[in-house]
Amino acid sequence: MNDIERDLIRVLHDMPPVDADPALLDSVHARIGRQRKIRRFTVAATAAIAVAIAATVIGTAHKPAPPSPPVTHNHRDPVVARLALGQVSGMAVLGTNVWAFNRRNDLIRIDVRTNKVTLRAHVSGIWSATGGLLLSGRGKLWLAATTTSGIGRLMAIDPSNGRVIARLDRGGTCDLFNLATYVPTITFGAGHLWAICHPAIGGRYIARIDPRTDRVDARTPVIRVGGNEWIVAGPEGAWISSDITKITKVDPSGTRLDRVVVNDYRYPFTLTGAQLAWGAGALWALTDDETLVKIDPATARIARFFTYRAFDPNYTFSANRLVIGLGSIWLEGGSLLRLSATTGRVQARIGLDPNIVVVSANAVWVGTSSGVVRIDPARLPG
Amino acid sequence: MDPAEQPTFEAFARARLANLLRFGYALTGSQDSAADLVQDALVRTGLRWSRLYAADPEGYVRRVMVNTHIRWWRRRRPEQLTASPPDVSYETPVRDDSMWLLLATLPPRQRAVLVLRYYEDLSEAQIATVLGCSTGTVKSQSARAIGKLRAVLTSEQEWR
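Chains as they are written, first to last, in the numbering used here: chain W, -9 to 372; chain Z, 97 to 256.
Some clues are possibly wrong.
Below 16 Å or equal to it, Euclidean Cα-Cα: the simulated EDC-like pairs (lysine to aspartate or glutamate) are [stated by the list, open to error]: (1) Z:Lys235 to W:Asp148; (2) W:Lys130 to W:Asp148; (3) Z:Lys235 to W:Glu(-5); (4) Z:Lys235 to Z:Asp217; (5) W:Lys236 to W:Asp279; (6) W:Lys130 to W:Asp200.
Don't read these hints as lab results, they were simulated from the structure.
Please take these sequences and the hints and turn them into a complete structure.
Here is the structure:
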């Protein structure tokens, strides 16, 4: 148990006495009585109306109603393959393969043409409790994870045999300890890997990593990054959010901050700590209050936003992470939602509990606590 | 169960009122909001008592409280600026504890996860049941909440 947890227990168990006013119970009983009266009245009124309608229908019916058309369902089961691979924490698409990394520290290659496992390689020295993140780009594959000695490690993987061919521990002075926890602090885009670095000495910075050499080749100091950080890269550089900064952008050279997304105070959300995704030519943010925000990367201005009222009118979904692909927004959290990128409305809900979702050329791949599931989006509405 | 032996809703509500108010206070950070929350949850429980008393009525009340609080928070109106501030009839006592004040800055679902974990001492699976989400979501919400608290506390220490 760490210091924060101890402090939480102290503050929650050290609350001042609350005033248990008996009048509150009187109010509860009165409200229950009123509700029951309303229910009884509603039931009686509904029954009376039903009887009246039935009498009218019987009295005026001259011929039997035509039979109802058979009920038809247009969409089929969207799950086209299930692979039992254990608890999957990381996934990436590379060429005609999907790669998965499970909590047994196995790196698994799946051929998207056959849905078959074509390679399985064990990665040693990884702390399996936190899992690992997989990244792909420029024909290469990387695994970001925490070692058994607690060091953040970025590993370049040879996709032909699954072997580790290069290691980047701490990135020189970059402490990548949080690499494989729930919040991604490393991403691929604009031809490079980008990582948020917390050196033991000196200020925090964004490291740009050359995928050819697997070495840090540029740094951008960031003054206030911290908490739940999120980094995502688009074609024009990397975007970062944290609990104590709004969204900022590092230019493609990896040496300076060049844009800040302005969060108008009139909007009913805040962008601090937002989860980020890149897709459909825009930057997308999922805020802590479950609002989806589309940001124009050219102007760094908010183009649209969808609140839970649009995508979750029943308040039953707990948005946890978002992925953009195949013209849709895919929201994870207890189940998988497909949303229209135009209207923000739910087009389909898939009853899977995703740990991670990636999108290939024509399929959605869901990593779950028991393996990998392939979904055919053509079988879904939208 | 013999109907004569069935626990009555009145007895349940009277016995658990103080505990539920404390739970509501931990969730909302306000005694007034806690009272509103408990009242709403008890009304819903009372209306369903015949089906709930044999199961886990207190768990149901807490589940309703958590979900109602999240719903209220989602429906809240953004603050409106006004030229003439309203009269303040009394001072609401503010608890002078940095961790308590920080808890109030968390979104309600994250705060609920921490309250259920560290006040109610529930497991991740039990919290997932209360919140109607997966254990993965509970873990990530908990990690995000603690990360946020740590970031602000670290930031405060750096400024001192």
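*Could you check the structure against the hints above and give me the numbers of any it violates, in ascending order?*
Number 1 only.
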